[in-house]
Amino acid sequence: MLAELRREAQITIPNEIIAKLGLTEGDKLDIFEKDGSICIMPVAVYPKKYVNELREEISGIKAKIASGEQPVFSSADALFDRLEAE
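For the sequence shown, position 56 matches number 51 in our numbering, and the numbering has no gaps at all.
One should not assume that every hint holds.
Pair ranges (Cβ atoms, derived) [claimed, not checked]:
no. : residue 1 : residue 2 : range
1   : Cys34     : Glu11     : 38 to 46 Å
2   : Gly63     : Gly21     : 18 to 26 Å
3   : Gly31     : Asp76     : 36 to 44 Å
4   : Val67     : Tyr41     : 43 to 51 Å
Straight-line distance between alpha carbons at most 27 Å, and here's what the computed DSSO-like set of lysine-lysine pairs gives [said to hold, decoys possible]:
no. : residue 1 : residue 2
5   : Lys57     : Lys29
6   : Lys29     : Lys44
7   : Lys44     : Lys57
8   : Lys15     : Lys29
9   : Lys59     : Lys43
10  : Lys43     : Lys57
11  : Lys23     : Lys44
The hints are simulated quantities; they were obtained by calculation from the structure and are not laboratory data.
Think of the CB as a built atom: it goes at the ideal place given N, C-alpha and C, for glycine as much as any other residue.
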């Protein structure tokens, strides 16, 4: 598919690609150059507060695993077997 570079460096992404990727107005796109090509990749942007809360939660879980307080399972089946036994 061809797109034309217009005034103020604007291009239009073809509707077929927008539909295939499920993009909607307001979605964020990362645009970068790689080996002489222009790459456009959809990205999810999360608020910094959310990322910090997630980081704290993961740290807490890692501490529980290290102390033995949080059991670790080798598979989802092992987890379900444990839950069914309780």
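message: Run the distance test for Lys29 versus Lys44: straight-line Cα separation, threshold 27 Å.
response: 31 Å, violated
- prompt: Is Lys57 within 27 Å of Lys29, Cα to Cα?
  reply: 36 Å, violated
query: Is the gap between the beta carbons of Gly63 and Gly21 within 18 to 26 Å?
result: Given about 45 Å between the Cβ atoms, the range is violated.
query: Going straight from one Cα to the other, do Lys44 and Lys57 come out at no more than 27 Å?
result: Answer holds: Lys44 to Lys57 is near 20 Å, not above 27 Å.
- prompt: Within 27 Å, alpha carbon to alpha carbon, are Lys59 and Lys43?
  reply: Holds. Lys59 to Lys43 sits at ~25 Å (cutoff 27 Å).
message: For a C-alpha distance cap of 27 Å, please report whether Lys43 and Lys57 respect it.
response: Roughly 21 Å between the alpha carbons, so the hint for Lys43 and Lys57 holds.
message: Does Lys29 sit within 27 Å of Lys15, going by the straight-line distance between their CA atoms?
response: 23 Å, holds
- prompt: Going straight from one Cα to the other, do Lys23 and Lys44 come out at no more than 27 Å?
  reply: Status holds; Cα separation ~19 Å.
Cβ separation of Gly31 and Asp76, checked against the hinted range 36 to 44 Å: 53 Å, violated
- prompt: Is 38 to 46 Å right for how far apart the beta carbons of Cys34 and Glu11 are?
  reply: Since Cys34 and Glu11 have Cβ atoms about 18 Å apart, the given range 38 to 46 Å is violated.
message: Does the beta carbon distance between Val67 and Tyr41 stay inside 43 to 51 Å, or does it fall outside?
response: 27 Å, violated
The structure fails to meet hints 1, 2, 3, 4, 5 and 6 from the earlier list, while all remaining hints are met.
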